[in-house]
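Q: Kindly produce the complete structure, drawing on both the sequences and the hints.
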Amino acid sequence: MSTRERPSRAQLLRLLAGQRRLLGDVPRLEPYQVAFLQDTATMRAVLKSRQLGFSWLFALEAVISVCTRPKSRAIFVSLNREEAQEKVLYAREIVEALPEKWRPQISHASRLALEFADGSRITSHPCTAPRGRSAADVYLDELAFYRDDLGVYRGALPVISRGGRLVLASTPFGQRGVFWSQCRASMQTGKLHVVPWWRCSWLCVDPGRAAQAAEELDTPARVARFGTDRLKEIYEAMDLEGFQQEYECAFVDAQASWIPYEEIMPCVVEQMPIAATAAGLGQVDGELFAGFDVGRRRNASELVVLERAGGRFTVRMADTLRQAEYRAQKQCLEELMSVRGGVVRRLCIDATGLGANLAEDLARAFPMRVEPVLLTAGVKESLAVALRIAFQNRDLLIPADREFIAQVHAVRRVVTAAGHARFDADDEGASHADKFWALALALHAGLKPRPQVTARRL
7 MSTRERPSRA QLLRLLAGQR RLLGDVPRLE PYQVAFLQDT ATMRAVLKSR QLGFSWLFAL
67 EAVISVCTRP KSRAIFVSLN REEAQEKVLY AREIVEALPE KWRPQISHAS RLALEFADGS
127 RITSHPCTAP RGRSAADVYL DELAFYRDDL GVYRGALPVI SRGGRLVLAS TPFGQRGVFW
187 SQCRASMQTG KLHVVPWWRC SWLCVDPGRA AQAAEELDTP ARVARFGTDR LKEIYEAMDL
247 EGFQQEYECA FVDAQASWIP YEEIMPCVVE QMPIAATAAG LGQVDGELFA GFDVGRRRNA
307 SELVVLERAG GRFTVRMADT LRQAEYRAQK QCLEELMSVR GGVVRRLCID ATGLGANLAE
367 DLARAFPMRV EPVLLTAGVK ESLAVALRIA FQNRDLLIPA DREFIAQVHA VRRVVTAAGH
427 ARFDADDEGA SHADKFWALA LALHAGLKPR PQVTARRL
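Numbered by this note's numbering, the letters in the sequence shown go through residues 7 to 464 in order.
Among the clues, some could well be false.
[Claimed, not checked] Derived CB-CB ranges, DEER-like:
| # | residue 1 | residue 2 | range |
| --- | --- | --- | --- |
| 1 | Asp224 | Ala371 | 47 to 53 Å |
| 2 | Gln218 | Asn363 | 49 to 55 Å |
| 3 | Lys77 | Glu102 | 38 to 44 Å |
| 4 | Glu293 | Gly196 | 26 to 32 Å |
| 5 | Glu102 | Asp235 | 43 to 49 Å |
| 6 | Thr195 | Gln337 | 53 to 59 Å |
| 7 | Ala219 | Pro164 | 18 to 24 Å |
| 8 | Ala334 | Asp224 | 34 to 40 Å |
| 9 | Arg231 | Gln289 | 48 to 54 Å |
| 10 | Arg75 | Gln337 | 52 to 58 Å |
| 11 | Val275 | Lys77 | 51 to 57 Å |
[Claimed, not checked] Subject to a maximum C-alpha distance of 20 Å in a straight line, what follows is the list of computed DMTMM-like cross-link-like pairs (lysine to aspartate or glutamate):
| # | residue 1 | residue 2 |
| --- | --- | --- |
| 12 | Lys197 | Asp45 |
| 13 | Lys238 | Asp224 |
| 14 | Lys238 | Glu221 |
| 15 | Lys238 | Glu121 |
| 16 | Lys77 | Asp124 |
| 17 | Lys238 | Asp212 |
| 18 | Lys107 | Glu11 |
| 19 | Lys77 | Asp154 |
| 20 | Lys107 | Glu88 |
| 21 | Lys238 | Glu254 |
| 22 | Lys77 | Glu88 |
| 23 | Lys238 | Glu293 |
| 24 | Lys197 | Glu366 |
| 25 | Lys238 | Glu222 |
| 26 | Lys336 | Glu366 |
| 27 | Lys77 | Glu36 |
| 28 | Lys107 | Glu121 |
Since the hints were derived computationally from the structure, they do not count as laboratory data. In this text, a Cβ means the ideal position worked out from N, Cα and C, and glycines have one as well.
A: In structure tokens, the structure reads:
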């Protein structure tokens, strides 16, 4: 329709408080969500836990602006294309759930944009600096993970110079970058939205009581006392440091990591085609090499497949096999090695402990193409050094995936009392670096000449 009643912001917020259809799976707005929507500051910084619904909240605020302000503009910047599309989908669902008298007419829709009859626009970009001559509200979501975080941040400032507002939001990603520095500055003024897991009702059994008591407890006690079953499962599946960074808003010191963020981030590609299954690798033109780390802790194994082209390696598949039995793991790797008559040139597989039988069986099935690798301390050091050199030389490209980046960063180099180097994740009880070793094995499979670090069981 060409004309409609334009509601006030207060009317829309009251509607949100009472209409379940607008909120989707969320029974009501959380207090931290209301606080964000009521914050009228030109620049807002949000230090947040994972899985708190901020992508949906940003879409909601953008739709509120479309409903209340003619020719409003909102620009979302996300870590990757999938998350960029998700925000536009949320926005469209919210628009369609509005009462007809207030519903703005969509004149054009795509996966990355919504245009409205009154000239308003919502656009979404995967990790690129926003551009535009007119005023806009700009949302930089997961800013800490951007490869060029400073460039994106600087690009956003001219957009809001003519009006509009800027949101900087992220989970922490080490003591580095624009987001960390802006959070430190906002903490000084008391204008930072800090939202750990215990402020969220689907992660915390009693957010009201936790708001008073949670910060006085250490992480294990907090999780035991206030965590939902879902939160406890997440905690059990992660190392302590990773959980504190991902869910408790802790900026973890990155100095001890073997491969620092400064070497990882230049190798991150925002729009990288990743095969969902082995069959999808049949479309890749270059030579393929794979690494498989057999899970010992938490019953998870990791598979990484690299394409080699012009001396550079690019991740083309990354798959996690959780609680997979021997037969399922073997079938997965047999399918991989059979794709397009053998497009995967070599698979290096962890042959230590639980992986020994799997490695031997696959080596017999695919002679000269499957290489069992015993992950001794010396072998781990050789693999870790080769992997770091590849990152330093920017010869290895990885996807813009938080979990993948975090696991590459999780490995530390520790010198033992005997003077030997040991490479492993920080928390021995909950290793969270299996992707690191799968990636290192895949790289080893594709390097020419390959270092002689393997040993086969006879």
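Q: For the pair supplied as a hint, Lys238 and Glu221, confirm whether the alpha-carbon distance does not exceed 20 Å.
A: holds, 17 Å
Q: What's the verdict on Lys336 and Glu366, does the C-alpha distance respect the 20 Å limit or exceed it?
A: holds, 11 Å
Q: When you take the CB atoms of Glu102 and Asp235, is the distance between them in 43 to 49 Å?
A: violated, 33 Å
Q: Compare the distance between the alpha carbons of Lys107 and Glu11 with 20 Å, and conclude whether the hinted pair is satisfied.
A: It holds: about 6 Å lies between the C-alpha atoms, which stays within 20 Å.
Q: For the pair we were handed, Lys77 and Glu36, check the Cα-Cα distance against 20 Å.
A: violated, 29 Å
Q: Assess, step by step, whether the Cα of Lys77 is no farther than 20 Å from the Cα of Asp154, and give holds or violated.
A: Given that 20 Å is the threshold and the Cα spacing comes to 30 Å, the pair is violated.
Q: Has the hinted range 51 to 57 Å been met by the Cβ atoms of Val275 and Lys77?
A: This hint is violated: roughly 35 Å between Cβ atoms.
Q: Hint says 34 to 40 Å; check whether the CB-CB distance for Ala334 and Asp224 agrees.
A: Holds, at about 38 Å.
Q: Lys238 and Glu293: Cα distance at most 20 Å?
A: Answer violated: Lys238 to Glu293 is near 42 Å, above 20 Å.
Q: Does Lys238 pair with Asp212 here, judged by a C-alpha cut-off of 20 Å?
A: holds, 14 Å
Q: Would you check the hint for Lys238 and Glu254, treating anything up to 20 Å between C-alpha atoms as holding?
A: Judged against 20 Å, a Cα distance of about 13 Å means the pair holds.
Q: CA of Lys197 to CA of Asp45, is that 20 Å or under?
A: Roughly 10 Å between the alpha carbons, so the hint for Lys197 and Asp45 holds.
In this structure, the hints that do not hold are numbers 3, 4, 5, 7, 11, 15, 19, 20, 22, 23, 24, 27, in rising order.
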